[in-house]
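S.K.: Below, each chain spelled out in residue letters.
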Amino acid sequence: MKKMICLTINGKEYELAVVPNMTLADLLREELLLTGTKKGCELGDCGTCTVIMNGKAVNSCLVLAVQAAGKEITTVEGLETEKGLHPLQEKFIENGAIQCGFCTSGMLLSAKTLLDKNPKPDELEIRTAISGNLCRCTGYQKIVESIKDVSEGR
Amino acid sequence: MLLPKFEFHEPATVEEACRILGELGEKAKTLAGGTDLFVNMKKKVLAPEHVVSLDRIESLSELGSSNGMLRIGACVKAAEIAESHAVGGDFPALQGGASKLGSPLIRNLATIGGNLVSARPAADFPPPLMVYGAKAVLKSSTGERTVAVSDFIEGPGRTIISPEEILDSLLIEKPAAHSGSAYIKLGIREALEISLVNVAVFMTTEGPDGSIKAARVVMGSVGPTPLMSPSAEKVLLGEKPSGALYLAAGEAAAMDSRPIDDFRASADYKRAMVKELTRRALAQAYNEI
Numbered sequence: 010m011k012k013m014i015c016l017t018i019n020g021k022e023y024e025l026a027v028v029p030n031m032t033l034a035d036l037l038r039e040e041l042l043l044t045g046t047k048k049g050c051e052l053g054d055c056g057t058c059t060v061i062m063n064g065k066a067v068n069s070c071l072v073l074a075v076q077a078a079g080k081e082i083t084t085v086e087g088l089e090t091e092k093g094l095h096p097l098q099e100k101f102i103e104n105g106a107i108q109c110g111f112c113t114s115g116m117l118l119s120a121k122t123l124l125d126k127n128p129k130p131d132e133l134e135i136r137t138a139i140s141g142n143l144c145r146c147t148g149y150q151k152i153v154e155s156i157k158d159v160s161e162g163r
Numbered sequence: 006m007l008l009p010k011f012e013f014h015e016p017a018t019v020e021e022a023c024r025i026l027g028e029l030g031e032k033a034k035t036l037a038g039g040t041d042l043f044v045n046m047k048k049k050v051l052a053p054e055h056v057v058s059l060d061r062i063e064s065l066s067e068l069g070s071s072n073g074m075l076r077i078g079a080c081v082k083a084a085e086i087a088e089s090h091a092v093g094g095d096f097p098a099l100q101g102g103a104s105k106l107g108s109p110l111i112r113n114l115a116t117i118g119g120n121l122v123s124a125r126p127a128a129d130f131p132p133p134l135m136v137y138g139a140k141a142v143l144k145s146s147t148g149e150r151t152v153a154v155s156d157f158i159e160g161p162g163r164t165i166i167s168p169e170e171i172l173d174s175l176l177i178e179k180p181a182a183h184s185g186s187a188y189i190k191l192g193i194r195e196a197l198e199i200s201l202v203n204v205a206v207f208m209t210t211e212g213p214d215g216s217i218k219a220a221r222v223v224m225g226s227v228g229p230t231p232l233m234s235p236s237a238e239k240v241l242l243g244e245k246p247s248g249a250l251y252l253a254a255g256e257a258a259a260m261d262s263r264p265i266d267d268f269r270a271s272a273d274y275k276r277a278m279v280k281e282l283t284r285r286a287l288a289q290a291y292n293e294i
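First to last, the protein sequences are chains A and B. In terms of my numbering, the first sequence opens at residue 10 and continues consecutively. In terms of my numbering, the second sequence opens at residue 6 and continues consecutively.
Keep in mind that a hint or two might mislead.
[Unchecked claim] Computed from the model, here is a short list of chain A residues facing chain B with C-beta under 10 Å:
| # | residue |
| --- | --- |
| 1 | M13 |
| 2 | L25 |
| 3 | A26 |
| 4 | G45 |
| 5 | K65 |
| 6 | P130 |
| 7 | R136 |
[Unchecked claim] Quick partial rundown of chain A residues pointing at chain B, CB under 10 Å, derived from the structure:
| # | residue |
| --- | --- |
| 8 | T32 |
| 9 | D35 |
| 10 | L43 |
| 11 | C50 |
| 12 | A66 |
| 13 | L71 |
| 14 | G87 |
| 15 | T90 |
| 16 | G93 |
| 17 | H95 |
| 18 | L143 |
Everything labelled a hint here was simulated from the structure, so no lab data went into it. Every value quoted in this text rests on a predicted model; they were computed, and no experiment measured them. Backbone N, C-alpha and C fix where the C-beta goes; we use that ideal spot for every residue, glycine too.
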C-alpha cells in the first residue's frame, strides 16, 4: 500500500505517494528523474548515492523514501544557484578532479557537509570526510586538492 | 537491487512500538539505522512481512548523563556518539568504536542499538560497551529488563532479545577517578572496514601512580561473540602499570582468544594481533589516566 509523504528536495516541497519498499535513491532517480544521484553498489559501500538529509550526508540507497518524510534533502542538482555552479563544482572542474564522473555527485555532497561544519579542515579531515565515497579513476589527490582550494578561498 | 515488499509501521512512542511488536512477533523486523537490515533484505537474507521503524521515537535518539550515569538511546547515531563531548571525555574507548564504524555516511545512519542487536562478531560497539560494564535496557508491552551487554550477545547474529522486545537504551556508569580506556581496531584499510581484530581495554589505578585495581580487556573478531579476557585481567590486577605488564597481559589475552582461519586472516595472525593490540591499548589507556 502506498503512503503519502511530504518532503523538501533542493528547496522545493513535494507531496508524493510511495510504496514502503522504495529507497530514497530510487525515488529521486526513477520518480523525480533527479539522476545526478547515482546507484553503484546499492549496499552502502560506494557512496555514489550520497545525498544530504537534514544537514547530514547519507547513503540514499539505505534510506526508505517513507523515512525521508518531513526531511530536507539536497542532491547534486541542488548545489547550483542563480549565481552559477557551487565553488566545489568549479574547483573540481578546474583541477580535473572528475574523470568518469560517477563518484562526483557523492564526493561534492560529502565535501559540502564537511565545509558547512568545518570550513578549514586539514588534509586528514578532508580524506576522512570522503572516506565513504569511492573513486576508481583519480586516486583522490585532485579531489582532496579541490576541497582544500575551496576551504582556503583559492 | 530491490527491497522485498513489506508493510511499514512508524510508531511514535516506545509503548506503541512494543504493542505492534507484541502483535506481530516473528513476522516483524525492527528498523533502526537500516545499514544492516536493508543490506540483508536486498541480499534476500531477510524478507520480513512487516518493518517497524523506530525512527520517529524521540526518546530513543537522546543521549545525556545524569547522576554519574550516561544514557544512550538505542537509536542514537554512531556519528553523534563519535562527536559527543559527554562520551569523548569519560569514555574514549566508546568514542573510538563509534568513530571507526563504517564510513562517515554510514555513521550518519547506523545506530548503537542496531550495532548491538545485529551482534556481528567484528562489530565496533560491543567491546567498548563491555569494558565499561554497560547495561542494556529492553522493553516490551509486558515489562522491562536490564541486562549486562556482556550477557546480551549470544552468538553471531544472535542476542537474548525476543521478537516482541525492543532495545531501549544503554546505561553506562561514569568511571571512577584514575581510570583510562582505549579501543584499537585493526583492518587492512582505514575506512569502511570490518575489524580483523579489535580490542577495548579499561583500567583504574590506586591514585595517579598506584597499582591497578580494576581492569578489563575485551577482544572482537576472535570468537563467535566479543570475548572478555579473564586471564589478562588477572595479570593486570594489583600490579603497577608498565610496558612489561602490558605485554604479559597481551600474551594472556591471546591465550583467551578463539580466532578461526578465514578469508580475512589466519587464526595465528589474529592471535598475534590480539597480543599486540592489547599491549598498545593498555599503554594508551594508561596515558588517559
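S.K.: Each hint needs a verdict: does it hold in this structure or not?
M.R.: Against the structure, the hints:
Using the Cβ-Cβ criterion of 10 Å, the hint placing M13(A) at the interface with chain B is not satisfied: the shortest such distance is roughly 12 Å. Restraint check, L25(A) versus chain B: the minimum CB separation of about 15 Å is more than 10 Å; hint violated. With a cut of 10 Å, the hint placing A26(A) at the interface with chain B is violated, because the nearest CB-to-CB distance is about 13 Å. Annotation: interface hint on G45(A) violated; nearest CB of chain B at approximately 17 Å, more than 10 Å.
For K65(A), the interface hint holds, since its Cβ comes within 10 Å of a Cβ in chain B; the closest pair sits about 4 Å apart. Here the hint on P130(A) is broken, as its CB sits about 12 Å from the closest CB of chain B, past 10 Å. Taken as an interface hint, R136(A) checks out: its beta carbon lies about 8 Å from the nearest beta carbon of chain B, inside 10 Å. Against a cut-off of 10 Å between C-beta atoms, the interface hint on T32(A) holds, since the closest Cβ of chain B lies about 7 Å away.
With its C-beta approaching chain B no nearer than about 9 Å, D35(A) sits inside the 10 Å limit, and its interface hint holds. Interface hint status for L43(A): violated, as the beta-carbon distance to the closest one in chain B is roughly 18 Å, over 10 Å. Satisfaction of the interface hint for C50(A) is found here, the shortest Cβ-Cβ separation to chain B being roughly 9 Å, below the 10 Å cut-off. About 6 Å separates the beta-carbon of A66(A) from the nearest beta-carbon of chain B, less than 10 Å, and the hint is met.
Residue-level restraint check for L71(A) holds (minimum Cβ-Cβ distance to chain B is 5 Å; threshold 10 Å). Among the interface hints, the one on G87(A) is violated; its C-beta lies about 18 Å from the nearest C-beta in chain B, farther than the 10 Å criterion. For T90(A), the interface hint is violated, since its Cβ never comes within 10 Å of a Cβ in chain B; the closest pair sits about 24 Å apart. The interface hint given for G93(A) is broken, as the beta carbon of that residue sits about 27 Å from the closest beta carbon of chain B, more than 10 Å.
Below 10 Å, beta-carbon pairs count as interface contacts, and H95(A) has none with chain B, the closest being about 19 Å; its hint is therefore violated. A cut of 10 Å between beta carbons decides the hint on L143(A): the least distance to chain B is about 8 Å, and the hint holds.
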